[in-house]
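Chain by chain, the residues:
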Amino acid sequence: MPGVDDPKTVTAALDMAGLDALIAALAERGYRVIGPMVADDAVVYDEIASSADLPAGVGDEQDGGRYRLRARGDGALFGYTVAPQGWKRLLHPPRQKMFAARRQDGGFAILPPEPAAAPMAFLGVRACELAAIGIQSRVFGDEAAGDPGYRGRLARSFVVAVECAEAGGTCFCASMGTGPQVEAGFDIRLVELAGHDRHVFLADAGSAKGAEMLSGLNAPPAPEADRAEARRRVSAAAGAMGRTMPAATARRLGEHAEHRRWADIGKRCLSCGNCTMVCPTCFCTTVEDVTDLKGEHAERWRTWDSCFSIDFSYIHGGAIRNEVRSRYRQWITHKLSAWHEQFGTSGCVGCGRCITWCPVGIDITEEVQAIHADGKGR
Amino acid sequence: MGQPHDLGQIIDAHPFFKGIDSTLRSLLVGCAANERFEPGDFLVREGRPADKFYLLRAGQVAVEVDVPGKAPIVLETIGEGEVLGWSWVIEPYVSTFDARAMTLVRAVSFDGACLRRKMAGDPALGYEVLRRFLPVIGHRLATARLQLLDLYGPGVAKAARAKRKNGQ
Amino acid sequence: MTAAMRDPMLPRPFRIEKVRRELSDTFTMELVPAEGGGFAFAAGQFNMLYVFGIGEVPISISGDPGDGGKLIHTTRAVGAVTRAMDSMRAGDVVGVRGPFGTPWPVEEAFGHDLVFVAGGVGLAPLRPAIYQAMANRQRFGKVVVLYGARTPDDILFRRELERWRGRFDMEVHVTVDRGNPKWSGNVGVVPNLIAHAGFDPLSTTAFVCGPEVMMRYTALALEKNGVGREGIFLSMERNMKCGCGLCGHCQWGPHFVCKDGPVYRYDRIADLLAIREL
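Going down the list, the sequences are from chains X, Z and D.
Position 257 of the first sequence, counting from 1, maps to 257 under this note's numbering, and the rest follow consecutively.
Position 126 of the second sequence, counting from 1, maps to 126 under this note's numbering, and the rest follow consecutively.
Position 41 of the third sequence, counting from 1, maps to 41 under this note's numbering, and the rest follow consecutively.
Hints were generated in silico from the structure; no laboratory data involved.
Any given hint could turn out to be false.
[Stated by the list, open to error] Here are the simulated lysine to aspartate or glutamate pairs, DMTMM-like style, with alpha carbons at most 20 Å apart: (1) D:70 - D:160; (2) Z:18 - D:200; (3) X:267 - D:277; (4) D:142 - D:171; (5) D:18 - D:86; (6) D:142 - D:230; (7) D:182 - Z:66; (8) D:182 - Z:51; (9) X:97 - X:296; (10) D:224 - Z:80; (11) Z:70 - D:153; (12) D:259 - D:212; (13) D:182 - D:153; (14) X:294 - D:92; (15) D:259 - X:341; (16) D:182 - Z:41; (17) Z:118 - Z:51; (18) X:97 - D:7; (19) D:18 - D:30; (20) D:18 - D:64; (21) D:18 - X:105; (22) D:142 - D:107.
[As the list claims (entries may be wrong)] Covered stretches of chain X (chain D as the covering partner; in silico rule of three or more C-beta atoms under 8 Å from a C-beta of chain D): (23) 102-115; (24) 155-161; (25) 250-264; (26) 283-294; (27) 322-332; (28) 336-344.
Backbone N, C-alpha and C fix where the C-beta goes; we use that ideal spot for every residue, glycine too.
With the rest of the complex left out, here is chain X (with noise of 0.2 Å):
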C-alpha cells in the first residue's frame, strides 16, 4: 500500500506524450501495465502497451440489466465509467493454485510454491475501485490467518487511480462516501481533461515511488485553474448520480430479516450470482482438489464462488438456503450490513455494477429503499 505521509505536492500537467511516457516507464521498472480497452463490446481492464490501447471516444450506457458503448465524440481515454469486471481478478483471481502435492513415502509432501509473477501497475482505477481493494485489502488482511497473495500482489503493485469527470447510469459512489473524488491509496491520480483545443491529464503523487515517477517525467506542473476546472467537474459528478443508498436501513437489514420483501425479490432474482461476479468486494471461494490420472500428484485450486449458489451452504444433507430469497437475502445483508461488525466498513462502494449487470435489473439501492420506507411506516 503507497504510504499515506508521502510529499503529494508533486504534480503534472500530462499530454498524451506524457501518458505515454508514464506507460513507458511502468513497463520499463517490470510492471506488467494493466489497462481499460474495448473488448467485446466491453470495457476490459487487459495489459496495454500504449496510450493507443485505451478506449479514445468510449462511454458507456448503463442502467438497470443494460450496457452499451458509445460513441462519445470526443478523444477521452477515460470517458467511460465502471468496466463489467474490475481490478478484483487481479488482486483475487478467480481461479488460482493453493498447492501442489506429490505421493511419497506412503504420504505425501507439498511442493514449494511457484515464483511470484510481475509485479502490476493498475491504470485507471476509479474511486470506488479504490475503495474496493481497500476493502478486500482489509478481508484478507486479518495478520491472524489471512490470505498471503492478495496483500502481497497489492503491496508490490502501482496503482494510477482516475477520477471521474462524469456519473454513469447506475452509480451511486457519493451516497456511499467512496467517490466520485480519489482520496488516498493512490500512487499517481489522474484526471482528464478532453476539451475542444487540449487534451490533458493532470497528475499528482500519492506516495513517494508515485512522486518519483512523475518527477521523472520531466512534464510541468499542473496548473492552478485546469486543477480547479477538474474539481468543478468532480463534484458535478457527484451531483449527477440518479440513485442514493439509504444508509441506516442499509446498516440494518438484519433486523429485518423476516420481512415480505425477501418473498417479492426471491420471485424475480433468477439466482444467477452475476452480481456476486461483477461486485468489485465480493470475495467469496471454494476449493477444488484434483490428481492426475496416476493418483500421484495433486492439486488445490481456489476458485470464485458465489452464495447465490445452492451448494454455498452445504452442510451434510441439504443445503442451508434452499429459497432464492434466503440467498439474495445473505448477500445483501452481508453486503451492507454484516460487513460493517465483520470489517469495519460497508462492503457496497457504490458502483453499480450488481445493478447494470443483473439480468433482471434487480436494485440494491431500490430493494434496500423499499424496506426503509416501509420501516418508516410503522
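On the provided structure of chain X, position chains Z and D as indicated by the hints.
This is chains Z and D only, laid out in the frame that chain X set:
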C-alpha cells in the same frame, strides 16, 4: 396401604403436587394409596379402564406398545418425580398404552373415579389438578414430536437430499 | 517450523497410527505429525482433514487437549471425503490444517456445576472438554453428562460412558430415541434428562453439542430448569471450508462460524437460531 398422614407428606414432597394448598391436598389424600411394583409388573394396560394415575417415587416405568411377533416397542421411560397416566380424566377413561415396571417401582396411586367425583364437587380442586396435568401432557406431546424427527439418524439427511433431487 | 510461521492454507501431513471402529458408520483415528512435533489445541476446536487429491472436511477434535502428542478425530462417514477416510488404515497419511475455531470455555466454568448435553455424534466435540474437566475435577461442583443417541447400538464411546458412570465424582445419564429388547435404560429425548440431573441451575455452565434442532430444544429445557442463557454454550455447524473466515461459506448472520464459532454463548445467538435459512 400407608396412613393418610404419611401420604400427605409424600404428596407434598413429590414435584407434581409441589406447593399445593393444604386443604386441596387433604382432599387428594382421601383418594390416594401407596403402591409397589416388581420388575415386569404392569401399572397400566392398554384398552383397560383407566381407573388410576401414579406419582412415581422410585424406579423406572416403560410406556410401551405390544407388537405381535416382536418385542414390545418402548415409547418412553418415566421415572422418579414424574407422573404416569391421564386417561383417568378423559372420557371414556380407557388406557392408551401399556406401562410396565422396568425396576422395582414405588408410587402413590390415585383412584380416578374418587378424584373425578371430588373435582366435580370442588372446581378449585378440579382446576388445580388439571392445571398440573396440562404442562405434563404438553411436554410429552412435544418430546414425542422431537423423537419422531429421528435427529441423529440418516433420515434427516436423506429427506433433505430427496428434497433437493425433487428440484428444490 | 513453528505454528506461527505455518501457512494456515497448507495441509500438514499426519500419519494414522490407529483406527478404531466406533459405530457402523463412525470411526476414530489417532494421528501423529509425519514431520514430528506435537499438536496443541483447545477443547471444542476443529481441523480441516485432507485426503490426498479427494478433498477436505471440517472435523472436530475428539481427543484429550492435555495429551499434545496425539491428535484424535472421530468421524461419521457421510460424504465422499469422509467415506474415503473410512477406508484408510494405520500407516496412511492425511493432511491437517488447524486447529480452528473457538473453544469450550472450560476454565470460565470453574466454580460451577458443569453439565454436558450431547446428541448423537455430538459427543465427540464435547469429549475433549469432558477430559479437561475431569483433569481439573476439584475445580467444579457437580459434573454431569447427559447423552442421547438414536438407538442403543448408536451410543458413541459406550465403554467410556460406562466407565464415567462408574466414577463417584461424575453423573452420567443416557437416553435413546428408540429402545430395543436388550435396552433397559431411558427412552426419550435428551432434554428430558435435564430435569433428572441434580445440578444447581443458578450456578451451572452447560455445554451442548448435537444436531441444531436438538441444541435448540436442549437450550429451552435448560432455561426452563433455571439455567441462565449466559451459562449455556452451543457448538454450531455450517459449511466450513477455509477455516479462517476467508472463503465466506460458513457465514451465519454476521458470524464466520469457523472463526467466531463454532462454540457460541447461547444469549449471543438465540435470535439468529430463530431465523430460517440464515
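Comparing the hints with the structure gives:
1. D:70 - D:160: Holds, because 18 Å separates the two Cα atoms, which is no more than 20 Å.
2. Z:18 - D:200: 18 Å, holds
3. X:267 - D:277: Since the Cα atoms of residue 267 of chain X and residue 277 of chain D sit roughly 17 Å apart, the hinted pair holds (cutoff 20 Å).
4. D:142 - D:171: At roughly 8 Å apart (the allowed maximum being 20 Å), residue 171 of chain D and residue 142 of chain D satisfy the hint.
5. D:18 - D:86: Distance of about 12 Å is within 20 Å: holds.
6. D:142 - D:230: 19 Å, holds
7. D:182 - Z:66: 16 Å, holds
8. D:182 - Z:51: Given pair residue 182 of chain D, residue 51 of chain Z is violated - Cα atoms ~31 Å apart, limit 20 Å.
9. X:97 - X:296: This hinted pair holds, its Cα atoms lying about 17 Å apart.
10. D:224 - Z:80: 19 Å, holds
11. Z:70 - D:153: Holds. Residue 70 of chain Z to residue 153 of chain D sits at ~18 Å (cutoff 20 Å).
12. D:259 - D:212: Holds, at roughly 18 Å.
13. D:182 - D:153: 10 Å, holds
14. X:294 - D:92: It holds: about 18 Å lies between the C-alpha atoms, which stays within 20 Å.
15. D:259 - X:341: Answer holds: residue 259 of chain D to residue 341 of chain X is near 14 Å, not above 20 Å.
16. D:182 - Z:41: 18 Å, holds
17. Z:118 - Z:51: 15 Å, holds
18. X:97 - D:7: 14 Å, holds
19. D:18 - D:30: 5 Å, holds
20. D:18 - D:64: 16 Å, holds
21. D:18 - X:105: Within the cut-off at roughly 18 Å; holds.
22. D:142 - D:107: 15 Å, holds
23. 102-115: holds (count 6)
24. 155-161: Our answer is that it is violated, as 0 residues pass the Cβ test (under 8 Å) against chain D, missing three.
25. 250-264: holds (count 3)
26. 283-294: holds (count 8)
27. 322-332: Satisfied; 4 residues make the cut.
28. 336-344: holds (count 4)
The structure does not agree with the numbered hints 8, 24 stated previously, though it agrees with the rest.
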